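*Asks:* What follows is the residue order along each chain.
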Amino acid sequence: MSSVSCIELIAFLDAYVDDELDSETRGDFDRHLLVCPSCRAYLATYKETIDLARGAAEREEDLAHDAPPELIEAVLTSKSRRPKS
Amino acid sequence: MLCSTIEHATLSPMLADDGYLVERLRTGDDTAFEELVNHHAGPLLAVTRRILRNEEEARDAVQETFVAAFRGISAFQSESRVSTWLHRIAVNCALMKLRIRVRREADVDALLPHFRPDGHQDHSSVSWSESAEEILQREQSCALVRQCIDQLPEPYRVVLVLRDIEQLPADVVAEKLQITRDNLKVKLHRARQALRTLLDPHMRGAAL
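Chains as they are written, first to last, in the numbering used here: chain E, 1 to 85; chain S, 1 to 208.
Hint data in this document are derived by calculation from the structure and do not stem from the laboratory. These numbers come from a predicted model, not from an experiment. Any given hint could turn out to be false.
Stretch by stretch, here's where chain E covers chain S in the computed footprint (C-beta under 8 Å, at least three residues) [as the list claims (entries may be wrong)]:
#, segment
1, 82–93
2, 120–129
3, 180–194
30 Å max Cα-Cα, derived BS3-like pairs, lysine-lysine [claimed, not checked]:
#, chain 1, residue 1, chain 2, residue 2
4, S, K176, E, K79
5, E, K47, S, K176
6, S, K97, S, K176
7, E, K47, S, K185
8, S, K97, E, K79
9, S, K185, S, K97
Glycine included, C-beta positions come from ideal geometry on N, C-alpha and C.
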């Protein structure tokens with residue numbers, strides 16, 4: 001029987017993912033995950049969420065790599081208006 | 001952090017020599033400044049867009065980034081990468097604008113998991129049908145993920161962007177947002193859970 005409930009596991013899931021739990025608590029979490037398919041699914045999708053957020057941003061960056069010419073122009077103009085330090 | 005991707009993806013062989021570029025910037029070489037702007041403005045705009053989600057403000061933040069960089073070039077530590085240094089300035093410029101907008105603590109409770117009195121999940125979670133890697137192959141899915149991030153209440157969205165996407169250290173983010181590290185940790189966990197809830201109905205079937 002697991003000594004950890006779903007609510008406890010999910011409340012501290014970030015600490016579990018970031019490996020911040022002491023070994024005894026981590027063991028309790030592992031035992032709960034072994035017998036609870038719902039928490040196993042929650043853990044997997046929680047990790048996948050982090051990967052998706054990061055991956056989608058990287059893809060966005062790949063697609064929009066060049067700054068608009070008017071922005072480049074504005075930056076260069078604003079610099080030329082300032083006295084050299 | 002993403003700026004490490006930026007470094008490898010955008011720097012020409014000449015610009016890869018940060019020391020040479022910085023030396024020219026310090027002597028007031030206008031061509032060096034143009035090179036700096038041309039190579040870094042795009043990736044920096046992607047960063048400020050992610051934080052601000054407002055095109056005009058994002059462009060203003062990039063402009064302010066280069067002005068601040070030009071003024072501060074004498075203080076640049078040569079052991080740093082230019083791209084990392086610019087990334088830090090851009091995040092600061094974006095956050096300065098964001099503080100004007102973010103004042104209210106938005107409620108995220110509706111997007112957090114719910115539990116029965118016995119401590120079990122109210123609704124059983126199920127695995128998603130594809131891995132993140134497979135899902136990210138489709139531009140339509142990437143757009144959906146970005147839309148879901150945009151739906152997060154502002155303080156949570158910002159924490160998720162700075163920690164999980166820009167991958168800034170916790171201490172730095174806590175200081176920038178003027179919250180404690182513990183508060184930051186709670187907010188990040190809630191932001192991830194809320195985003196998971198928003199993605200879940202789309203990802204169960206996947207093949208978007």
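*Asks:* State for each hint whether it applies.
*Replies:* How the hints compare with the structure:
no., hint, verdict
1, 82–93, "violated (count 0)"
2, 120–129, "holds (count 7)"
3, 180–194, "holds (count 5)"
4, S:K176 - E:K79, "27 Å, holds"
5, E:K47 - S:K176, "26 Å, holds"
6, S:K97 - S:K176, "12 Å, holds"
7, E:K47 - S:K185, "16 Å, holds"
8, S:K97 - E:K79, "21 Å, holds"
9, S:K185 - S:K97, "23 Å, holds"
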